[in-house]
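Protein chains in written order, with the working numbering: chain A, 1 to 296; chain B, 1001 to 1236.
Keep in mind the hints are simulated off the structure, nothing from the lab. For glycine and all other residues, C-beta sits at the position ideal for the given N, C-alpha and C. Careful: at least some of the hints might be erroneous.
[What the hints assert, rightly or not] The calculated lysine to any residue pairs, modelled on SDA-like cross-linking and capped at a C-alpha distance of 25 Å, are: (1) K1156/B / S140/A; (2) K147/A / V1151/B; (3) K174/A / P1044/B; (4) K1134/B / K174/A; (5) K1178/B / I1135/B; (6) K1178/B / R142/A; (7) K1049/B / H57/A; (8) K144/A / I1160/B; (9) K144/A / K1156/B; (10) K244/A / K1178/B; (11) K1134/B / R204/A; (12) K1100/B / L195/A; (13) K1049/B / D200/A; (14) K1153/B / D241/A; (15) K244/A / Q1124/B; (16) K147/A / L1132/B; (17) K147/A / P39/A; (18) K1153/B / T94/A; (19) K1156/B / G97/A; (20) K1043/B / D197/A; (21) K1156/B / A86/A; (22) K1043/B / D241/A; (23) K1043/B / T194/A; (24) K1134/B / Y1182/B; (25) K1134/B / H57/A; (26) K1156/B / P158/A; (27) K1200/B / G1211/B; (28) K174/A / K1055/B; (29) K1153/B / W1139/B.
[Stated by the list, open to error] Pair by pair, the computed Cβ-Cβ distance ranges are: (30) E1216/B / I122/A: 56 to 62 Å; (31) P67/A / T1028/B: 52 to 58 Å; (32) A1161/B / I122/A: 50 to 56 Å; (33) A114/A / T1059/B: 41 to 47 Å; (34) P1168/B / I122/A: 36 to 42 Å; (35) P1061/B / P75/A: 34 to 40 Å; (36) A114/A / E1216/B: 49 to 55 Å; (37) P75/A / T1038/B: 31 to 37 Å; (38) T125/A / P1044/B: 16 to 22 Å; (39) P245/A / P1168/B: 41 to 47 Å; (40) I122/A / T1059/B: 55 to 61 Å.
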Amino acid sequence: MRKINISKCLAGIAVLLAAPLLVSAQQVESHIGKVTGHPDAGRQLYFRYCWGCHGFHGNGTGENWLPTGSFPDMPNLNVQPRNFVAATFKCRSTPTGTLPTDNDLYNSLVRGLANSNMPSWITLTTQNRADLVAFIKTFSDRWKTEKAGTPITVPPEPALTVQSIQHGKELFTKLECWKCHGPEGRGDGPSASTLTDSNDEPIRPYNFEAGSRFKCGSTDQDLYKIFMTGLDGTPMPSFADVIKPEEAWDLVHYLRTLQVYHKSPELALWEGTKEGAEIVKAQKVRGTPTGSGVNQ
Amino acid sequence: MQGKNLLLAVVVVISASMMAPARPSGGTVSGKITYEGTPAKQKPIDMSKEPSCAKQYTTPPTTETVVTGPNNALENVVVYISAGAPDEAAPSKAAVFTQKGCRYLPHVLVFQVNQELNVLNEDQTSHNIHPLAKINREWNKSQPPGAPPIVDKYDKPEMIAVKCNIHPWMHGTFAVLKNSHYSISGEDGGFALPNLPPGKYTITAFHESYGDQSQEVTISGSEAKTVSFVFKAKPY
Chain A
1 MRKINISKCL AGIAVLLAAP LLVSAQQVES HIGKVTGHPD AGRQLYFRYC WGCHGFHGNG
61 TGENWLPTGS FPDMPNLNVQ PRNFVAATFK CRSTPTGTLP TDNDLYNSLV RGLANSNMPS
121 WITLTTQNRA DLVAFIKTFS DRWKTEKAGT PITVPPEPAL TVQSIQHGKE LFTKLECWKC
181 HGPEGRGDGP SASTLTDSND EPIRPYNFEA GSRFKCGSTD QDLYKIFMTG LDGTPMPSFA
241 DVIKPEEAWD LVHYLRTLQV YHKSPELALW EGTKEGAEIV KAQKVRGTPT GSGVNQ
Chain B
1001 MQGKNLLLAV VVVISASMMA PARPSGGTVS GKITYEGTPA KQKPIDMSKE PSCAKQYTTP
1061 PTTETVVTGP NNALENVVVY ISAGAPDEAA PSKAAVFTQK GCRYLPHVLV FQVNQELNVL
1121 NEDQTSHNIH PLAKINREWN KSQPPGAPPI VDKYDKPEMI AVKCNIHPWM HGTFAVLKNS
1181 HYSISGEDGG FALPNLPPGK YTITAFHESY GDQSQEVTIS GSEAKTVSFV FKAKPY
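Construct the complete structure from the given sequences, taking the supplied hints into account.
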């Protein structure tokens, strides 16, 4: 009988076990569709395009935000750039308190963030942006110890009906969105003037009447995700535990009717009804917002 | 005869030892927390923007950044063992944080790493719970009246400020600790940490406005040691 060489077997097993360790470098990568991003390439891009605002250490205190030697410390930008070390992000498809997916970060690079100084980086290639996502993830140890959250499911949009809009209006009242966003969604609710973000900086709620793009996109699906995941680091909470998914679409339909200068199927349908037409007409009256204490 | 006497004696001794009070297991560190100087005046809270809460009070409640008692006692100070005691698994009982009358009850909630936290809303208005964690994850959830408790937990020790964005006067603290040796000072400023096995401990006292202080205490048996903390008050 052939003798089995024990030591050779053990050596072979050891190599097999060690192989994965030898192959995978201690590298954080990003995956955007079929593209894989690498942090080393991202580092070059970050220190060319991003560090002016986001800072040498990625904590949002770049020269563009806070010039060194300025006296007193007066920020140039009114909204502080994202702090990648803290790794709390506004625009996500994942539940509040969880890390965003690679695609969430990528989308922020592509879109920019409305009403802030973060531009749209469509000037960079897809590979560039994927590399930047990979590098951004190296600023915080959270990416090593936590996985990104599970993205929420956005169900297919149900039919747009007047009942849906009216139910959305009831939700807007019941869930007290108006306390910050105001009864007409003008960002002038009773609590609006006292809002501060998690760095204790003043912050205003979104003004639907002004009708700009949302912080995190411009589609109905983006709007859905905003209130179902919350904007972490800001006063905007997640309503995922208190709104059923089908009701959430009703709220999306109603919120579109608050954007009275932005053409949408919801607004068109709403203006076709007597109730809606009166409300939109009153919305369009230019003047001081409610709650300002000024009588017209 | 002798056997019966012996048996009786044994029974008496056994029952006597069973009736004797149990000796305390370990030492106790206790004491008082006081302040020196003039603390900031607590102001009445204007809840007129939230009538459903304002009407619950005959006189408006005051802010709670510094709560004091007689003889310069300092309330709401979390006293805990920050070093020298082993980490402990979380108890199964949940720590409960209640929103009532547009305030947080208790103002400071102390619980352990991985212990379940339940947040309740007993008001007629929505609140949003926004614990401003910097070491743990920061999250922000809306909780309308009648909603079920929000359940969560933290996996790292941290002193976390809690606020409601809708009602800016609401402030609270989550003190997430690694072990079960903790005490919050009451109106008399007193605290007690019992059941301490022999060892060298660092006792830390944390106040939301005055920061923290630490002292070292050594326990060798079941003695009671007294430790006091004095915080410097600020008039603003």
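Hints versus structure:
1. For the given pair, K1156/B sits about 16 Å from S140/A by alpha-carbon distance, which is consistent with the 25 Å threshold.
2. The hinted pair formed by K147/A and V1151/B meets the criterion: a straight-line CA distance of about 20 Å does not exceed 25 Å.
3. Only pairs whose Cα atoms come within 25 Å are accepted, and K174/A paired with P1044/B is rejected, the gap being roughly 29 Å.
4. Only pairs whose Cα atoms come within 25 Å are accepted, and K1134/B paired with K174/A is rejected, the gap being roughly 32 Å.
5. Taking the CA atoms of K1178/B and I1135/B, the gap is about 14 Å. The hint holds against a cut of 25 Å.
6. As the CA atoms of K1178/B and R142/A are separated by approximately 20 Å, the hinted pair is consistent with the 25 Å bound.
7. With a C-alpha separation of about 42 Å, the suggested pair K1049/B and H57/A falls outside the 25 Å cut-off, and the hint is violated.
8. Straight-line distance between C-alpha atoms of K144/A and I1160/B comes to about 23 Å, which keeps the hinted pair within the 25 Å bound.
9. Between K144/A and K1156/B the alpha-carbon distance is near 16 Å, which keeps this suggested pair within the 25 Å criterion.
10. At most 25 Å may separate the alpha-carbon atoms for a hinted pair to count; K244/A and K1178/B exceed this at roughly 37 Å.
11. Among the hinted pairs, K1134/B with R204/A is consistent with the structure: their alpha-carbon atoms are about 22 Å apart, no more than 25 Å.
12. Straight-line distance between C-alpha atoms of K1100/B and L195/A comes to about 21 Å, which keeps the hinted pair within the 25 Å bound.
13. Proximity of K1049/B to D200/A is assessed by CA-CA distance (about 21 Å); at most 25 Å being required, the pair is judged to hold.
14. Between K1153/B and D241/A the CA atoms are separated by roughly 16 Å; this keeps the pair inside 25 Å, and the hint holds.
15. About 21 Å separates the Cα atoms of K244/A and Q1124/B, which keeps this hinted pair within 25 Å; it holds.
16. Straight-line distance between C-alpha atoms of K147/A and L1132/B comes to about 21 Å, which keeps the hinted pair within the 25 Å bound.
17. With a C-alpha separation of about 18 Å, the suggested pair K147/A and P39/A falls inside the 25 Å cut-off, and the hint holds.
18. Straight-line distance between C-alpha atoms of K1153/B and T94/A comes to about 18 Å, which keeps the hinted pair within the 25 Å bound.
19. Under the criterion of a C-alpha separation no larger than 25 Å, the hint pairing K1156/B with G97/A is consistent with the structure, at around 14 Å.
20. As the CA atoms of K1043/B and D197/A are separated by approximately 24 Å, the hinted pair is consistent with the 25 Å bound.
21. In summary, the hint linking K1156/B to A86/A is supported, as the alpha carbons are separated by about 15 Å, within the 25 Å threshold.
22. Of the pairs offered as hints, the one joining K1043/B and D241/A is violated, with about 35 Å between alpha carbons and a cut-off of 25 Å exceeded.
23. For the hint pairing K1043/B with T194/A, the CA-to-CA distance comes to about 17 Å; that is within 25 Å, so the pair holds.
24. Taking the CA atoms of K1134/B and Y1182/B, the gap is about 22 Å. The hint holds against a cut of 25 Å.
25. Among the hinted pairs, K1134/B with H57/A is consistent with the structure: their alpha-carbon atoms are about 17 Å apart, no more than 25 Å.
26. Straight-line distance between C-alpha atoms of K1156/B and P158/A comes to about 42 Å, which puts the hinted pair past the 25 Å bound.
27. About 23 Å separates the Cα atoms of K1200/B and G1211/B, which keeps this hinted pair within 25 Å; it holds.
28. Between K174/A and K1055/B the CA atoms are separated by roughly 20 Å; this keeps the pair inside 25 Å, and the hint holds.
29. Between K1153/B and W1139/B the CA atoms are separated by roughly 11 Å; this keeps the pair inside 25 Å, and the hint holds.
30. A C-beta distance of roughly 59 Å is found between E1216/B and I122/A, which places it inside the suggested range of 56 to 62 Å.
31. For P67/A and T1028/B, the Cβ-Cβ distance of about 55 Å falls inside the hinted range of 52 to 58 Å, so the restraint holds.
32. A hinted range of 50 to 56 Å for the beta carbons of A1161/B and I122/A is inconsistent with their spacing of about 39 Å.
33. For A114/A paired with T1059/B, a C-beta distance near 45 Å keeps the hint of 41 to 47 Å intact.
34. Our hint of 36 to 42 Å for P1168/B and I122/A holds, since their Cβ atoms are close to 39 Å apart.
35. Distance hint check for P1061/B and P75/A: the Cβ-Cβ separation is about 36 Å, which falls inside the suggested range of 34 to 40 Å.
36. Separation of A114/A from E1216/B is about 54 Å and conforms to the stated range, judged on CB atoms against 49 to 55 Å.
37. Judged by the Cβ atoms, the range 31 to 37 Å given for P75/A and T1038/B holds: they are separated by roughly 34 Å.
38. Evaluation of the 16 to 22 Å hint for T125/A and P1044/B yields a failure: the beta carbon distance comes to about 59 Å.
39. The supplied range of 41 to 47 Å is broken by P245/A and P1168/B, whose beta-carbon atoms lie about 31 Å from each other.
40. The hinted window of 55 to 61 Å between I122/A and T1059/B holds, with their beta carbons roughly 59 Å apart.
Figure legend: structure checked against the earlier numbered hints; hints not met, in rising order: 3, 4, 7, 10, 22, 26, 32, 38 and 39.
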